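*Asks:* Each chain, written out:
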Amino acid sequence: MRSMLLRRVLRQKGAVIGGTIVLSVVLTALLAPLLAPHPFDATDLLNTWASPDDVNPLGTDQLGRDILSRLIIGARVSLAVGLSVVTVTLVVGVSVGMVAGYFGGRTDAFFMRAVDIVLAFPEVVLAILVAAVLGPGLLTVIVALSLVWWPGIARLARSLVLVQKQELYVDAAIVCGTPAVKIIWRHILPNIAGALLVRASVGVGFIIMAEATLSFLGLGVQEPVPSWGSMIRDGLPALRTDPMLAISASLVIGLTIIGFNLLGDGLRDALDPRLHGR
Amino acid sequence: MLEVERLCVAFRGQTGPREVLSGVSLSMRQGEILGLVGESGSGKSVTALAIMGLLGEQGRISGGRIRLDGRELTTLNPSDIRRLRGSCMAMIFQEPMTSLNPLLRVGLQIEETLHAHLPLSRAEARTRAIQLLGEVGIPAPETRVDAYPHQFSGGMRQRVMIAIAMACAPRLLIADEPTTALDVTIQAQILALMRRLRAERGTAILLITHDLGVIAQMSDRVAVMYAGEIVEAAPAGELLHSPAHPYTRLLLASLPTTRRRAPRLPVIEGQMPGPGTIASGCRFRMRCPMAVPRCTDETPVLAPFQSGRFVRCWRAGDIAT
Amino acid sequence: MWRFLARRLSSLLLVMVVAIVVTFAAIHALPGDPVTVMLSDHSADREMAARLRAEYGLDQPLAEQFLRYVGGILTGQFGLSFRYVHTPVVDVLRESLAISPVLALAALSLALVLGSLVGVHAALHRNRVQDTAIIVALVAGLSIPNFAVATFLVYLLSVKLGLLPVAGWGTLGQAVLPVVVLAIPSSAYVARLARTFMLEVLQQDFVRTARAKGLAERLVIWRHAFGNTLVPLATSAGVMLGGLLSNTVVVETIFNIPGLGRLAVDSIFARDYPVAMAVVLLFTFFYAGINILVDLFYGLVDPRIRDGATA
Numbered sequence: 001m002r003s004m005l006l007r008r009v010l011r012q013k014g015a016v017i018g019g020t021i022v023l024s025v026v027l028t029a030l031l032a033p034l035l036a037p038h039p040f041d042a043t044d045l046l047n048t049w050a051s052p053d054d055v056n057p058l059g060t061d062q063l064g065r066d067i068l069s070r071l072i073i074g075a076r077v078s079l080a081v082g083l084s085v086v087t088v089t090l091v092v093g094v095s096v097g098m099v100a101g102y103f104g105g106r107t108d109a110f111f112m113r114a115v116d117i118v119l120a121f122p123e124v125v126l127a128i129l130v131a132a133v134l135g136p137g138l139l140t141v142i143v144a145l146s147l148v149w150w151p152g153i154a155r156l157a158r159s160l161v162l163v164q165k166q167e168l169y170v171d172a173a174i175v176c177g178t179p180a181v182k183i184i185w186r187h188i189l190p191n192i193a194g195a196l197l198v199r200a201s202v203g204v205g206f207i208i209m210a211e212a213t214l215s216f217l218g219l220g221v222q223e224p225v226p227s228w229g230s231m232i233r234d235g236l237p238a239l240r241t242d243p244m245l246a247i248s249a250s251l252v253i254g255l256t257i258i259g260f261n262l263l264g265d266g267l268r269d270a271l272d273p274r275l276h277g278r
Numbered sequence: 001m002l003e004v005e006r007l008c009v010a011f012r013g014q015t016g017p018r019e020v021l022s023g024v025s026l027s028m029r030q031g032e033i034l035g036l037v038g039e040s041g042s043g044k045s046v047t048a049l050a051i052m053g054l055l056g057e058q059g060r061i062s063g064g065r066i067r068l069d070g071r072e073l074t075t076l077n078p079s080d081i082r083r084l085r086g087s088c089m090a091m092i093f094q095e096p097m098t099s100l101n102p103l104l105r106v107g108l109q110i111e112e113t114l115h116a117h118l119p120l121s122r123a124e125a126r127t128r129a130i131q132l133l134g135e136v137g138i139p140a141p142e143t144r145v146d147a148y149p150h151q152f153s154g155g156m157r158q159r160v161m162i163a164i165a166m167a168c169a170p171r172l173l174i175a176d177e178p179t180t181a182l183d184v185t186i187q188a189q190i191l192a193l194m195r196r197l198r199a200e201r202g203t204a205i206l207l208i209t210h211d212l213g214v215i216a217q218m219s220d221r222v223a224v225m226y227a228g229e230i231v232e233a234a235p236a237g238e239l240l241h242s243p244a245h246p247y248t249r250l251l252l253a254s255l256p257t258t259r260r261r262a263p264r265l266p267v268i269e270g271q272m273p274g275p276g277t278i279a280s281g282c283r284f285r286m287r288c289p290m291a292v293p294r295c296t297d298e299t300p301v302l303a304p305f306q307s308g309r310f311v312r313c314w315r316a317g318d319i320a321t
Numbered sequence: 001m002w003r004f005l006a007r008r009l010s011s012l013l014l015v016m017v018v019a020i021v022v023t024f025a026a027i028h029a030l031p032g033d034p035v036t037v038m039l040s041d042h043s044a045d046r047e048m049a050a051r052l053r054a055e056y057g058l059d060q061p062l063a064e065q066f067l068r069y070v071g072g073i074l075t076g077q078f079g080l081s082f083r084y085v086h087t088p089v090v091d092v093l094r095e096s097l098a099i100s101p102v103l104a105l106a107a108l109s110l111a112l113v114l115g116s117l118v119g120v121h122a123a124l125h126r127n128r129v130q131d132t133a134i135i136v137a138l139v140a141g142l143s144i145p146n147f148a149v150a151t152f153l154v155y156l157l158s159v160k161l162g163l164l165p166v167a168g169w170g171t172l173g174q175a176v177l178p179v180v181v182l183a184i185p186s187s188a189y190v191a192r193l194a195r196t197f198m199l200e201v202l203q204q205d206f207v208r209t210a211r212a213k214g215l216a217e218r219l220v221i222w223r224h225a226f227g228n229t230l231v232p233l234a235t236s237a238g239v240m241l242g243g244l245l246s247n248t249v250v251v252e253t254i255f256n257i258p259g260l261g262r263l264a265v266d267s268i269f270a271r272d273y274p275v276a277m278a279v280v281l282l283f284t285f286f287y288a289g290i291n292i293l294v295d296l297f298y299g300l301v302d303p304r305i306r307d308g309a310t311a
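Chains as they are written, first to last, in the working numbering: chain E, 1 to 278; chain D, 1 to 321; chain G, 1 to 311.
Among the clues, some could well be false.
[Claimed, not checked] So the derived label-pair ranges between C-beta atoms look like this:
| hint | chain 1 | residue 1 | chain 2 | residue 2 | range |
| --- | --- | --- | --- | --- | --- |
| 1 | D | G63 | G | T196 | 50 to 60 angstroms |
| 2 | E | A238 | G | A98 | 38 to 48 angstroms |
| 3 | G | E217 | D | H210 | 37 to 47 angstroms |
| 4 | E | V175 | G | L105 | 53 to 63 angstroms |
| 5 | E | R240 | G | T132 | 34 to 44 angstroms |
| 6 | G | E217 | E | V175 | 56 to 66 angstroms |
[To be verified] Cβ-to-Cβ under 10 angstroms is the rule here; a few derived chain E residues that face chain G:
| hint | residue |
| --- | --- |
| 7 | D116 |
| 8 | G137 |
| 9 | A173 |
| 10 | T213 |
| 11 | G254 |
| 12 | I257 |
| 13 | F260 |
| 14 | D265 |
FYI, nobody ran anything at the bench for these hints, they're computed from the structure. No experiment lies behind these values; they were computed from the predicted model shown. Every residue, glycine too, gets a C-beta built ideally from N, C-alpha and C.
Using the sequences plus the hints, can you model the full thing?
*Replies:* Right, dumping it as structure tokens:
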């Protein structure tokens, strides 16, 4: 079964390309301290906006820091945020969704009302609110993005549980006297995990984009920690004379997100039984 | 009025083109009802779509001729065929529930056809639409003309479809399983409507169905299709009483009847061969109780049989053994 | 239909109530004394402090402040700014109020029109070169953050080729890049959906009927096929709008446009919470309002919904 799935995924050209990109980014992030030629915060005010040369393969930024090193470390930041947000949203969203879907009735109504209310706010508003309360920083980004994304996961988990509740194995477990928590956790969850993970993987790309956006606005990770988004912001004023910072960060971020999106779409297409007659 | 000569249609498949119609020939006179019978997959609908020029991207006419009132259709360019569609020849389909656009008023859907082919003003078209609704038996047409499809029942929707089809008084009406999705009482009403239209306007009707009962009620002549070919064509009465082709005979025999008391319903064993699977010989031979070696060695042609009949079988007319 | 509308309006009310409570909490329940910030150098001046506190109503009990807040909102007053001492929030917002909606609506219109055209075109030429090329472009359009796209475009068009101004707002030339950059992700989103829905609709029976009637292909595609994709497209309008609002903030920042979004972000950095929260309330109301309009739109387009077939 698994190898068939793998083969199906590999047949999707998009997924392969995306997967390669994602793998490169992940490796870069993991090996960042080893790969980066210079420390990301090593300023050199005598060497600001340097052109690419042997010492600084991509040049330096407004504080003389090596751009390449900062891009590499930036990968860590983006992935760390992506991973954290996905984890938090999955934990919170799946819990809420499964509880609401399984128990139904007033529990369901209550939780879904909460979900509807959160969904009624545009994303940017939630980000602003969190930023106002927590101040700019990494935590703000993670909290804000998790707040924006968990309702979608909750709704999906709930509908998946509703479908599973019709299945016989659930009735069998209930008849055996299995406690509800165990039914949810040990029986239903494994059956819906696949769909949930696909949804999560499709979302990672957008989460990384959102992190970059918040950092671009200055609400994300603060100096001197590099984020691709804040690097673009730093690079924009100097676009006329020293475009390397803004352009390189833009390229890296664009490629990474394309990679995640392609991979996510490929996974989703591979798992969707309807599309197999192509 | 309509002449189809050795029509061949091929569909683009994953492994290359597959021939779905292999030399279909039929003809219709003005005001005649021709019943086209066959199992699913025999090519009845494809024949209809080919005549209308609605084969789409996947299919194309790979051979043969189609002549409507003397005009050759296979060589026309798409916009010329489009002009004939709806005005000289019209078609109604099987599923009245989904064949109408749910978002548009029924009246508009009729008026569209009128505007596409006739120089009418908005007011004239609307009047005509109301008139047409009345002619097909929709009560209170002045109000119903502004109603939406979901406000009609299945039988009513099929009447609307007929109104749309008849709007520009076509010479030929093709009806592809028009009553299959309707219940029996409504079925009778729709068929009666079609007979009346034929009587009043002299429209020729190509009635496609797998239901022999409908054929018996409606047709002047019948053509039987199997695996992309016409295997028998004859006046309805003769075909139903003394079928000449083994397939036709078996079809008629498989109709449940209260007259014979048999332990099992007679069936035709096996399945119809797919397009392109039989290169030569009779396509029915694998399931035919009367098959002989000649059926494999020589491909039978559609030959005249008695008067006004055609059969594609080497043993046409032999008493079944 | 009316019951449906009433339900949506009460939902809107609930959302605004929550928003008002949350924004009030954000302004008042945060650590740090706004008066101290306002006084900055004059922190020792007790008299001024007392006067400011009175002016801002900060010496009142919290419950009363809340009532004042709510009352103010209902009359269109959002209190006084922390950053611009003595200035009503409304005055701070005034200029931006005219700008952001124009920007957003221009981009929205462009996105809807462009996205639909591209999506339909891709659907009609499925699996041919145009379709693949368009799909690739759409993935790129959705994936590359708009500030990255803006960077490239500004670099190309403004810096290298000098065709368009780099920043600011006021002239038509200045409006081109921001509107286009803002419209790109939304267009890609709409195009993708339009393509998917068109492909589905083109398989439907009534499209075959329309062709059988001999209608011009143009009518078949736009009136019949595309007409039936409008409702599913509208369903996704809400999601698209949320993204559009976020992108407005970014675009205003990049191009130095004095709109509501940029104002909100600046206010956060300046700890001017009343202004930031006012923008929050406005955005929320706008978002919820548009979603209700979209629901009304369904009723307008699909008669089955009007007759209460589905909710």
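*Asks:* Now tell me, hint by hint, if it's right for this structure.
*Replies:* Against the structure, the hints come out as follows:
no.	hint	in the structure
1	G63(D) <-> T196(G): 50 to 60 angstroms	37 angstroms, violated
2	A238(E) <-> A98(G): 38 to 48 angstroms	31 angstroms, violated
3	E217(G) <-> H210(D): 37 to 47 angstroms	32 angstroms, violated
4	V175(E) <-> L105(G): 53 to 63 angstroms	58 angstroms, holds
5	R240(E) <-> T132(G): 34 to 44 angstroms	36 angstroms, holds
6	E217(G) <-> V175(E): 56 to 66 angstroms	60 angstroms, holds
7	D116	7 angstroms, holds
8	G137	12 angstroms, violated
9	A173	34 angstroms, violated
10	T213	6 angstroms, holds
11	G254	4 angstroms, holds
12	I257	4 angstroms, holds
13	F260	8 angstroms, holds
14	D265	8 angstroms, holds
In summary, the structure is inconsistent with hints 1, 2, 3, 8 and 9 from the numbered list given earlier, while agreeing with the others.
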